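Going line by line, the protein sequences match chains E and F. Counting along the first sequence from 1, when you hit position 103 you're at 103 in my numbering, and nothing is skipped either side. Counting along the second sequence from 1, when you hit position 252 you're at 252 in my numbering, and nothing is skipped either side.
No lab work stands behind these hints: they were computed from the structure. Computed from a prediction, not measured in an experiment: that's the story for all the values here. It is possible that some hints are incorrect.
In the SDA-like style, the derived pairs of lysine to any residue whose C-alpha atoms are separated by at most 20 Å in a straight line are [stated by the list, open to error]:
#1 K87(E) to T75(F)
#2 K87(E) to I129(F)
#3 K166(E) to L54(F)
#4 K111(F) to A3(E)
#5 K84(E) to E84(F)
#6 K217(E) to K3(F)
#7 K3(F) to Q70(F)
#8 K87(E) to R77(F)
#9 K99(F) to Y6(E)
#10 K84(E) to G85(F)
#11 K99(F) to M99(E)
Example chain E residues on the side facing chain F (calculated, C-beta under 7 Å, incomplete) [said to hold, decoys possible]:
#12 A3
#13 F5
#14 K7
#15 K11
#16 R83
#17 K87
#18 H91
#19 L92
#20 Y94
#21 P95
#22 M99
#23 A190
#24 A193
#25 F194
#26 A218
From the three backbone atoms N, C-alpha and C, an ideal C-beta is built for every residue, glycine too.
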Amino acid sequence: MNAIFYKEWIKTRGYLLLAFVTTLGFAGYAMLRLNRVVGLKGAEHLWEVMLARDTVFVEMLEYIPLLAGVLLALVQFVPEMHRKCLKLTLHLPYPQLRMVNLMLCFGLLSLLLCFVANYILMFSYLQAVLATELYARVLLTALPWYLAGFAAYLLISWVCIEPTWKWRVLNLLISVLLLRIFFLSPAPEAYNAFLPWLALYTLLTASLSWLSIARFKAGIQD
Amino acid sequence: MEKIIECKNLTHYYGKRLIYENLSFSVPKGSIMGLLGKNGTGKTTTINILSGYLQPREGECRIFGEDIRQMKPSTRRNIGLLIEGHVQYQFMTIREIEKFYSAFYPGQWRKEAYYELMDKLKVAPGQRISRMSCGQRSQVALGLILAQNPDLLVLDDFSLGLDPGYRRLFVDYLRDYARSENKTVFLTSHIIQDMERLVDDCIIMDYGRILIQQPVRQLLDTLHRYTCGLPESCKELPLDADFYHPSILRNKLETFSFLSPKEVETRLKATQVPYTDLKCETLTLEDAFIGLTGKY
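Pulled out of the complex, with its shape left as it was, chain F reads as follows (with noise of 0.2 Å):
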């Protein structure tokens, strides 16, 4: 499959701190790719390395196979960006922001997909984006990426400062609009439940590296999450490196791991540790994160 996004062998220093290193991923065409990790694990640094604005210490990304460094403009037509904290221009009204941009994508420019979006706002088309609440600016940042319809989407943390409802809102309309027009998507939030309603794959770091590159249904499929009893003289199990972050809290202990329940039991037993109780449950999107990269 045509793969959209291709990043070989990034590595990446603020100063001396290692945000990751020789990072490798692609994103086919047509998928909707989350970026997953906690905070400081280098999501920002990776989406800043894809728009251009940050030289990676080493490795390269190419866009619809193009070095990103000597991106042309034509390709950027086909790029919709969002950026961090969803900037947009704050000393435009929404009508003159709508009318700056559509001069740049003639032939492609969605003048009603960006006020559809803007009538929800209940604002007047006069109004200043300096003036809006933080949730109202997101909005504007979004409609306008809609309104550009690129192949490609770049969205870094786009439900920040979004509504419950809203969000709920962008992300099936997003789904919908991805899935109907083929349309690649590449993104970073930090509410997860609105990524397993929207994903299709996702990549999930770690600090340095990635944990996981799968499809979610994969990952929700096979990794599950073990609890047993275990007797009141057992502080630690020596478990190896196929259970993720195994925590024992009042005589319980929780694990995740790949392993069937089956193979789970036998290494248990191999630990020689009396257990009771062991139990095996599938995971949200949450769930599945919090178990790989731990809870602190």
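In isolation and in its complexed conformation, chain E is listed as follows (with noise of 0.2 Å):
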């Protein structure tokens, strides 16, 4: 397992580094907007503006953690379809299905390190100014996009290992389709309720990568 994540460490750590400080970044942004009101108008007011007009103050990361699935799959996977790699990988005295779990998992692993620092300078500036239900309803208003993260990051790496162009964009047309159902509403804890199946629907994603490799053992190509 150690070399197996040490192989995809050499690959993303470039890209990781960049994602981690990116999403940081914005979420940092967002943060220090809200502060700025805070410092101009009072807390009182923002309290006022989220419950009155339906906002949560940080709609400017969502579509953030789906950008850093979609590139972290790219980055990940597009080496392994170069020229074929997948082979050596597959070829590794290891079990097939074991390596590309673990492959996904430490994706998965990287991107959950990374929401989750997203989460703790949200919640560590939010839980200042905020009441406990409105700093729970900005963080469960994000929920979904950072779920998306995750669900963009397996779908797009179903869409890199699989081996034809043809399917590739049949792949990625049904990926497109099904990340939309993460972004169906834009009200507040519109999602609620559904986040325990929209977890699991995401985890659910990750089998489909073992279709796009049993096409590529069985040979199929353009």
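Now that you have both chains on their own, put them together as the hints suggest.
Below, the structure written as structure tokens:
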């Protein structure tokens, strides 16, 4: 497992640092904007606007985790498909399914680390200026966006590993439709009741990569 | 003798194009088997099937007695695979790639074999593979296989990108290594002179079938090139299938055959075409390959 993680780390370390800094930068910027409102008009005004206008002040983060997930999948799996390097990976004396799962696991853990850092930053600031219900509202509203980041990572991995371009395009279209589910409602906390199912749905997308692996192993090509 | 590779009745198509039908062959333990064929005859297809990355339309392949489609990871440990184009992880450096692979082969990894080769490359251990020349990358891929120290080496177009000196060095090294450690090697190459120095047995493939499978020595002892002069009026000679690719150029017939000189003489006489100066020549493996498969 260490060796597999070592390879994935070599591939992604540059990008992971960039993703970590960038996503934290965006979350930090969103908090700075909130801080400016609090500074100018007071925390009470912030509470009032949040309740009256159905806003959470972190809307700018909506597509950031999605983008982080898509780019991680590309950085991790495009080199594997370049000149069919994946053959080398699957030829290693290690169970193939476990190998692919560990590669995905590395990506998910990296994203988790990145997203948890975002949440810690947001939580640290928000709990200082907002009531529990209000900062929970912000964090819960953002949760589907972060779940979309994981799902985007898993779905784009599925697209990348697919050996034929025709199916890649088809898989990409399906992925877009599947990801649309995370952005159906702009209302804060619209997904609250649905969050456990959304998390399960995100995890299930991991199994799609194995379909591409099976097609790759069967030698299907354009 | 124990069969390390055994393929039975392989049939494969790409779309509607038949690559080959009912292809069967086996590779005994300790032998160096070369797969020869023109472009598009299915050499890489065979390697892909053998390495488990292509499901043949029909037939089965076994390596170490195991069906390649359900091969256990422990069996893969003993197969060194060189993919066409000497593909390796280009995002790694010389040191990183060695560290990565060594973790998968505890107890059998020969670090010194890899670094011995890398020293000859005159590149820094921290150099990224993507920034190396094609030939240097080939040597990294070959060095990793030698460090893996597997019982079976499957090498697809192993001489690609290697300069003549290193090619010779590698062929000699591989031959001595395989013979002294009783390794089995199955390989393809476009450079047939290399094969002659290296392989014990060869399979020559034509479009859709195996033309011949036999020890190289036997092939070179029995296949001959025959040439003779013909009258100017003779543009074609009615020769049977025992004569491979007969061609007439400037009143001179050239053909290849496993028949003895005496038998060739008898067959030529039977055509009732007056011929002169019949010559029988021994062949190199490259000549034999061209003789059997034709120039075009």
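Quick rundown of the hints versus the structure:
A threshold of 20 Å between alpha carbons decides the hint, and for K87(E) with T75(F) the separation of about 16 Å falls inside it, so the pair holds. Restraint check: the Cα-Cα separation between K87(E) and I129(F) comes to about 18 Å, which is no more than 20 Å; the hinted pair holds. Distance hint between K166(E) and L54(F) is fulfilled; the C-alpha atoms sit about 19 Å from each other, no more than 20 Å. Note on K111(F) and A3(E): the hinted pairing holds, with a Cα-Cα distance of about 16 Å set against a maximum of 20 Å.
At roughly 10 Å between alpha-carbon atoms, K84(E) and E84(F) fall within 20 Å of each other, so this suggested pair holds. Only pairs whose Cα atoms come within 20 Å are accepted, and K217(E) paired with K3(F) is rejected, the gap being roughly 25 Å. Of the supplied pair hints, the one linking K3(F) and Q70(F) holds, its CA atoms being roughly 18 Å apart against a limit of 20 Å. For the given pair, K87(E) sits about 14 Å from R77(F) by alpha-carbon distance, which is consistent with the 20 Å threshold.
Note on K99(F) and Y6(E): the hinted pairing holds, with a Cα-Cα distance of about 9 Å set against a maximum of 20 Å. Pair hint K84(E) plus G85(F) holds up; C-alpha atoms about 10 Å apart against a cutoff of 20 Å. Distance check on the hinted pair: K99(F) and M99(E) sit about 18 Å apart at the alpha-carbon level, within 20 Å; holds. Annotation: interface hint on A3(E) holds; nearest CB of chain F at approximately 4 Å, less than 7 Å.
With 7 Å as the threshold, the beta carbon of F5(E) stays out of range of chain F, its nearest partner Cβ sitting at about 10 Å, so the hint is violated. Hint status for K7(E) relative to chain F: holds, with the closest Cβ pair at about 5 Å, below 7 Å. The interface hint given for K11(E) holds, since its Cβ lies 5 Å from the closest Cβ of chain F, which is under the 7 Å cut-off. Among the interface hints, the one on R83(E) holds; its C-beta lies about 5 Å from the nearest C-beta in chain F, closer than the 7 Å criterion.
Taking 7 Å as the C-beta contact cut-off toward chain F, the hint placing K87(E) at the interface holds, the least distance being around 6 Å. A distance limit of 7 Å between C-beta atoms decides the matter here; for H91(E) the minimum to chain F is near 5 Å, and the interface restraint holds. The restraint placing L92(E) at the interface with chain F holds, with a minimum CB-CB distance near 5 Å, inside the 7 Å limit. Because the closest C-beta pair between Y94(E) and chain F is about 5 Å apart, less than 7 Å, the hint holds.
Taken as an interface hint, P95(E) checks out: its beta carbon lies about 6 Å from the nearest beta carbon of chain F, inside 7 Å. With a cut of 7 Å, the hint placing M99(E) at the interface with chain F is violated, because the nearest CB-to-CB distance is about 9 Å. Given the 7 Å rule on beta carbons, the hint for A190(E) is violated: about 41 Å separates it from the nearest Cβ of chain F. Interface hint status for A193(E): violated, as the beta-carbon distance to the closest one in chain F is roughly 43 Å, over 7 Å.
For F194(E), the suggested interface contact is broken, since its CB lies about 39 Å from the closest CB of chain F, more than 7 Å. Against a cut-off of 7 Å between C-beta atoms, the interface hint on A218(E) holds, since the closest Cβ of chain F lies about 4 Å away.
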